[in-house]
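Enquirer: From first to last, the protein sequence lines stand for chains D and V.
Counting along the first sequence from 1, when you hit position 163 you're at 163 in our numbering, and nothing is skipped either side.
Counting along the second sequence from 1, when you hit position 53 you're at 53 in our numbering, and nothing is skipped either side.
If you're looking for bench data, these hints aren't it; they were derived computationally from the structure.
For clarity, every value in this text was computed on a predicted model and none was experimentally measured.
There could be a bad hint or two in this list.
All copies of an identical chain are treated as equivalent in the list; a pair is satisfied when it fits inside any one copy or across any two copies.
[What the hints assert, rightly or not] Here are the simulated lysine to aspartate or glutamate pairs, EDC-like style, with alpha carbons at most 16 Å apart:
| id | residue 1 | residue 2 |
| --- | --- | --- |
| 1 | K134 | D210 |
| 2 | K93 | E124 |
| 3 | K152 | D173 |
| 4 | K198 | E53 |
| 5 | K134 | E23 |
Protein chains: 2
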Amino acid sequence: MIVSTIMKLRKVLPMKFHKIPNETIQRLPMYLRVLQLLYKQGTNNISSLKLGEFLDVNSWQARKDFSYFGSFGTPGVGYDVKKLVRQISKILKLNVAQKVALIGLGNLGSAIQAYGGFNIYGFEVVAIFDIDPKKIGTKKNNIIVENVSRIKLLKNRKIDLSIVAVPSSAAQDVVDALVKAGVKGILNFAPCHLKTPKKVKIINIDIATDLACLPYYIPTARRQR
Amino acid sequence: MIVSTIMKLRKVLPMKFHKIPNETIQRLPMYLRVLQLLYKQGTNNISSLKLGEFLDVNSWQARKDFSYFGSFGTPGVGYDVKKLVRQISKILKLNVAQKVALIGLGNLGSAIQAYGGFNIYGFEVVAIFDIDPKKIGTKKNNIIVENVSRIKLLKNRKIDLSIVAVPSSAAQDVVDALVKAGVKGILNFAPCHLKTPKKVKIINIDIATDLACLPYYIPTARRQR
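Go ahead and model the full structure; you've got the sequences and the hints to work with.
Expert: Listed below in structure tokens is the structure:
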């Protein structure tokens, strides 16, 4: 009885009230990038099948991903590319420019700073912090590198996002300072587990753990020792 | 009738015959890192609750992750840390040293090369390739940087894994060369979609798409424009 009521409710409730899987959110920026590219190249309409092919995603998966947020496409016609770009941007809150503070200007920080892939999503690195006196005060892309002790001043600069590219030993202190300064989202590259309050979203990019998954998928690993 | 038969089969089949989610595989290296650290610090036994706490993972999730591969712990006692390290290493095929070729020695490649986090998983960068004549022939950590045209020679050097840190424009050519040279697993940093044959596993690390997820999770994004 209860089960059938729940089943009925599930059918009645719009998809937006269902729990949206993190995997869906992770795919949205990829759809967005492909769609933006296609639109630039003159594609105005696309089927879920074609879109899926660009990303090695099943067409039903693409349709399901979008269905969480409403009905975007027209059956048999497909998706209006421009409209879908606008809709995904809005879902991801990328329809407003996003200011980012970069902490750490070592090799990795420099690579991130020079990286061109942020622009298409509307991200802009507007502040850079480092601990090295030789770097502090110098300019990178017209941004003056500041002392990490000044992270607390971010509070008045309306920066919600930060990329942390410092050694593990310094990462928790940096993250604590960012949280105090009101930063709400952190992309962390330090290979360690960092504590943040629930209201602050942290996404960890751990090169080593990603690499560590690879051998599992290789069926006939040669024994190398 | 069919459903109940399937249900019975599911109960009878050991977990290892169930499909193992990618998310489980992705968590295994994180468990492994924490367990190795704990073992070094003298911890011989750990509960799933305690282990989960270290990684912000529910204890049932940790138990479920391990259950795919057999029964590792003892109810009420927990897991033997040393044994669990060995078991996870074996699942991930990290119990043998893994040779890695790094392609691209720009800022990102240099950061990867200098990165210390690979050792704990038994990875070793044993070959570096770049296109820059100024870099080719120089030494990095006792490894001579080679011309990318020599990637094809990897075939004779028993290297299964590669990290690709080249610009998007060069990435597909590099990946094609790696596939030809018999590389079976690729960790790609170029922010583009790369085609590989099914037998080659590619894991993409896309800084921009990860960053692009962040604003979604921030409930009260300040409008910044």
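Enquirer: Return the numbers of the hints above that this structure violates; sort them in rising order.
Expert: Per hint list: 1 and 5 violated.
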